[in-house]
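Enquirer: Sequence:
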Amino acid sequence: MSKPNVKKGGKSLSPATPQHDPIEEKYYNKLAWLADRTEKSRIADFIENYQKPGRVIWINMLAGVSRGVGLTIGTAIIIFIAVYILSFFVSMPLVGKYIAQLLDWVNTFKHTK
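Numbering-wise (my numbering), the sequence shown opens with residue 675 and increments by one.
If you are wondering where the hints come from, they were derived from the structure by calculation, not from laboratory data. In this text, all values refer to a predicted model and were calculated from it rather than measured experimentally. Just so you know, even glycine gets a beta-carbon here, dropped at the ideal spot from N, CA and C. Do not take every clue at face value.
Each computed DSS-like pair below joins lysine-lysine, with the alpha-carbon atoms no more than 25 Å apart [stated by the list, open to error]:
no., residue 1, residue 2
1, LYS771, LYS784
2, LYS704, LYS714
3, LYS714, LYS726
4, LYS704, LYS726
Using C-beta positions, here's what the derived DEER-type ranges look like [what the hints assert, rightly or not]:
no., residue 1, residue 2, range
5, MET735, SER715, 23 to 29 Å
6, VAL739, ASP710, 35 to 41 Å
7, ALA750, LYS704, 47 to 53 Å
8, TYR758, ASN723, 42 to 48 Å
9, TYR758, GLU698, 37 to 43 Å
10, ASN723, ASP778, 36 to 42 Å
11, TRP732, TRP779, 40 to 46 Å
12, ILE717, THR782, 55 to 61 Å
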């Protein structure tokens, strides 16, 4: 079983805390400081978002619009690639007739818009 973290001077020390090597202790202290700052910044970000709900709504709206535009553009690219590849199979005996009808339908729809 592992030992629980020990509190010392407001900081929690894990069992892997370096005891004698000053270089390891220096890096451990820097890493502990970085972890502490990261945790504090998350709390500060949460409080800022809680105090400004309009900002949260705006960011989420922007993210939704970005996803929608990306999905639309991605779908258009995939459909274009599929139609381009299918256009090579028009001359095939069995499948060609159906693909030609599909391409005619796509071209008709494209010209009506």
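Enquirer: Each of the hints needs a verdict: does it hold here or not?
Expert: Right, here's what the structure says about each hint:
no., hint, in the structure
1, LYS771 with LYS784, "20 Å, holds"
2, LYS704 with LYS714, "15 Å, holds"
3, LYS714 with LYS726, "18 Å, holds"
4, LYS704 with LYS726, "33 Å, violated"
5, MET735 with SER715: 23 to 29 Å, "24 Å, holds"
6, VAL739 with ASP710: 35 to 41 Å, "36 Å, holds"
7, ALA750 with LYS704: 47 to 53 Å, "49 Å, holds"
8, TYR758 with ASN723: 42 to 48 Å, "45 Å, holds"
9, TYR758 with GLU698: 37 to 43 Å, "59 Å, violated"
10, ASN723 with ASP778: 36 to 42 Å, "53 Å, violated"
11, TRP732 with TRP779: 40 to 46 Å, "41 Å, holds"
12, ILE717 with THR782: 55 to 61 Å, "59 Å, holds"
Against the hints set out earlier in the document, violations occur for numbers 4, 9, 10.
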